[in-house]
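J.: Spelled out, the chains give:
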Amino acid sequence: MKTNRAVRTPGGLSVRLDVRALTVVVLLLLAALTASVVLIGTGDFPIPAGDVLRTLVGEGDPGQEFIVTELRLPRVLVGLLVGASLGLGGALFQSVSRNPLGSPDVLGLGQGATAGALTVIVLFSGSAGQVALGALAGGLVTGFAIYALAWKRGVHGYRLVLVGIGVSAIVTAVNGYLLTRSDIVDAARAVVWMTGSLDGRDWDQVWPLLALCAVLVPLVLANSRGLRMMEMGDDVSYALGVRVERVRLLLMLAAVLLTASATAAAGPVGFVALTAPQLARRLTRSPGPNLAASLCMGAALLVTADLASQRAFGAEQLPVGVVTGVLGGVYLLWLLVTERKAGRI
Amino acid sequence: MSAGTTAGSGTNHRRSTVNRLSAENVTLAYDQRVIAEQLSVEIPDNSFTVIVGPNACGKSTLLRALSRMLKPSEGRVLLDGQVIQSMPAKKVARTLGLLPQSSIAPDGITVGDLVGRGRYPHQGLLRQWSAEDERVVQESMARTGVAELAERHVDELSGGQRQRVWIAMALAQQTPLLLLDEPTTFLDIQHQIDVLDLCAELHEEQGRTLVAVLHDLNHAARYATHLVALRQGKVIAQGAPKDIVTAGLVEEVFGLRCQVIDDPETGTPLVVPAARTARAKGAGEKVGATGVS
Chain A
694 MKTNRAVRTP GGLSVRLDVR ALTVVVLLLL AALTASVVLI GTGDFPIPAG DVLRTLVGEG
754 DPGQEFIVTE LRLPRVLVGL LVGASLGLGG ALFQSVSRNP LGSPDVLGLG QGATAGALTV
814 IVLFSGSAGQ VALGALAGGL VTGFAIYALA WKRGVHGYRL VLVGIGVSAI VTAVNGYLLT
874 RSDIVDAARA VVWMTGSLDG RDWDQVWPLL ALCAVLVPLV LANSRGLRMM EMGDDVSYAL
934 GVRVERVRLL LMLAAVLLTA SATAAAGPVG FVALTAPQLA RRLTRSPGPN LAASLCMGAA
994 LLVTADLASQ RAFGAEQLPV GVVTGVLGGV YLLWLLVTER KAGRI
Chain B
60 MSAGTTAGSG TNHRRSTVNR LSAENVTLAY DQRVIAEQLS VEIPDNSFTV IVGPNACGKS
120 TLLRALSRML KPSEGRVLLD GQVIQSMPAK KVARTLGLLP QSSIAPDGIT VGDLVGRGRY
180 PHQGLLRQWS AEDERVVQES MARTGVAELA ERHVDELSGG QRQRVWIAMA LAQQTPLLLL
240 DEPTTFLDIQ HQIDVLDLCA ELHEEQGRTL VAVLHDLNHA ARYATHLVAL RQGKVIAQGA
300 PKDIVTAGLV EEVFGLRCQV IDDPETGTPL VVPAARTARA KGAGEKVGAT GVS
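Protein sequence lines correspond, in order, to chains A and B. Here our numbering runs 693 ahead of the position in the first sequence, where the first position is 1. Here our numbering runs 59 ahead of the position in the second sequence, where the first position is 1.
I should point out that these hints are in silico values taken from the structure, not numbers from a laboratory. Hints are supplied without guarantee of correctness; some may be wrong.
What the hints assert, rightly or not - When the alpha-carbon atoms are kept at most 20 Å apart in a straight line, the in silico SDA-like pairs for lysine to any residue are as follows:
| no. | chain 1 | residue 1 | chain 2 | residue 2 |
| --- | --- | --- | --- | --- |
| 1 | B | K150 | A | R939 |
| 2 | B | K149 | A | G926 |
| 3 | B | K149 | A | R939 |
| 4 | B | K149 | A | E938 |
| 5 | B | K130 | A | K1034 |
| 6 | B | K150 | B | S189 |
| 7 | B | K301 | B | R316 |
| 8 | A | K1034 | B | D214 |
| 9 | B | K293 | B | K150 |
| 10 | B | K150 | A | E938 |
| 11 | B | K130 | A | V937 |
| 12 | B | K301 | B | C317 |
| 13 | B | K150 | A | V885 |
| 14 | B | K340 | B | G307 |
| 15 | B | K150 | B | D166 |
| 16 | B | K130 | A | V940 |
| 17 | B | K149 | A | K1034 |
| 18 | B | K301 | B | H278 |
| 19 | B | K293 | B | S119 |
| 20 | B | K293 | B | K149 |
| 21 | B | K149 | A | R918 |
| 22 | A | K1034 | A | L972 |
| 23 | B | K150 | A | K1034 |
| 24 | A | K1034 | B | E215 |
| 25 | B | K150 | A | L972 |
| 26 | A | K1034 | B | S189 |
| 27 | B | K340 | A | A915 |
| 28 | B | K149 | A | V940 |
| 29 | B | K149 | A | S917 |
| 30 | B | K149 | A | E924 |
| 31 | B | K149 | A | L942 |
| 32 | B | K149 | A | L972 |
| 33 | B | K149 | A | L706 |
| 34 | B | K149 | A | G919 |
| 35 | B | K150 | A | V937 |
| 36 | B | K150 | A | V940 |
| 37 | B | K130 | A | R939 |
| 38 | B | K130 | A | G926 |
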């Protein structure tokens, strides 16, 4: 079935629309927003969805308004932004490496961010803000290390994944060492952080993430046509006039920033970056990086996982990272089996 | 450059001494491994140039340099009088197309979508899919005989069909110059001839300048209008096949004793390797040379 439509104006401008992909994006956005509204209404003090919506547009009663706008809305927004960043970052990584396993979870970016956070927690007993900065720095350093080790003259399929697994193993060992050096209070705090949780997130986490997304998302989407060409190999895309090295460096930098800042805000929430692009791709049935669909899928996945953990186990009982980890692990096994059947592993 | 001027530009702007694409005294190397030094090659306008030579003689490396995939460590590659590396990437891509040896069809892509990607250098953020793009893609698919496959997935196709699809993609790029790196490798004999016929048609009917690296010397001699014979990074001979392909040249370039006869079908030179026993006799004199090919 042909789903591509071109919209043309008399002035010679034209935009290409993939109708199916657009539908998927709209539906995923609706799903994410619906889950968000339900999530805001969920907790020790349940609020019906209608009241949530009224409060969000500024017509709720003051008691509900405090709970919604000060307590629950920022947490949900952090969830949406973290999910969107992870989904987009994962799609970028997988597209550049041309490998569904080339995602930040497998490559050790999460572990790198954890190492940064643990360093701040264990060695300096830093504040939450300092922990986030440590995580950001750890993620960036790991990202550059992987880039330096694996990106010489382009990524060659499993080279990136193998380098990532190696880096990840080293950083995991460092993390283990840091934990053995910590006292019991720091260790407990570290373990909670390492699971990935949206607990207690407020507007202080929302604004930096929102600002970063506002800059990076348009930048990334503007380069997505070049990325689409790069799926056909460096030679073909170079021959078509894509400045391969420049686009790749720019997009990888964006992906590392998105992933590291999402991890800094919510901890290493597992497997969203791995699964969101693949699920999005199966829905759009389109080759190409599917960036917008992956972004929406990531946001929808994360708030839905948070909703599921709160509904099933009550607020603050089960960190969202546990849910995404369990679901993502199952998905990873399935992916390995199907890739094996297709002869790609 | 629009479609109308593409076909004729070779003749309209033809300058008597300077060709559109040339390499001047280039040194080509991967890291420290030097493939060719002080190599100069001119691609005659409107020719079907074929580069031949033994394995590892630098023929694909030369093609990579001509298509700006590899930056010469010394010397320069000129396209329309400008150093190719200094030109805007998309401008080069509208003048010179390349069909590389390794290309990856993305999972689940259709023929029409893949061919459409050849339009990239003509597009922009606000000019993503014009009526012209649509027309050129249809034309390129018709030209290469893959129009009826437009909705099929590329990974379902046979090797010969797939190569036609990639050629269609390069055609959709609408470049007056087209470079092909071993376009017949991995194809069986009728598909090899099929692809070469298609190249000859593109050359004769559309006036495009084609440059191809080919393994098969007989194919090269039959289809090329201009032959470049390389050995160890040096041009040993160049010119029309019937002028340069001799037993002496084949022995010098490939280290193979042979007879050169007239191809009974086309009259072009046909290389017939000498019988094993005859070559064994000569082996005493030419020990080193036989090992190269």
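J.: Tell me the numbers of any earlier hints that the structure contravenes, in ascending order.
T.: Numbers 5, 9, 13, 15, 17, 20, 23, 25, 26, 27, 32, in rising order.
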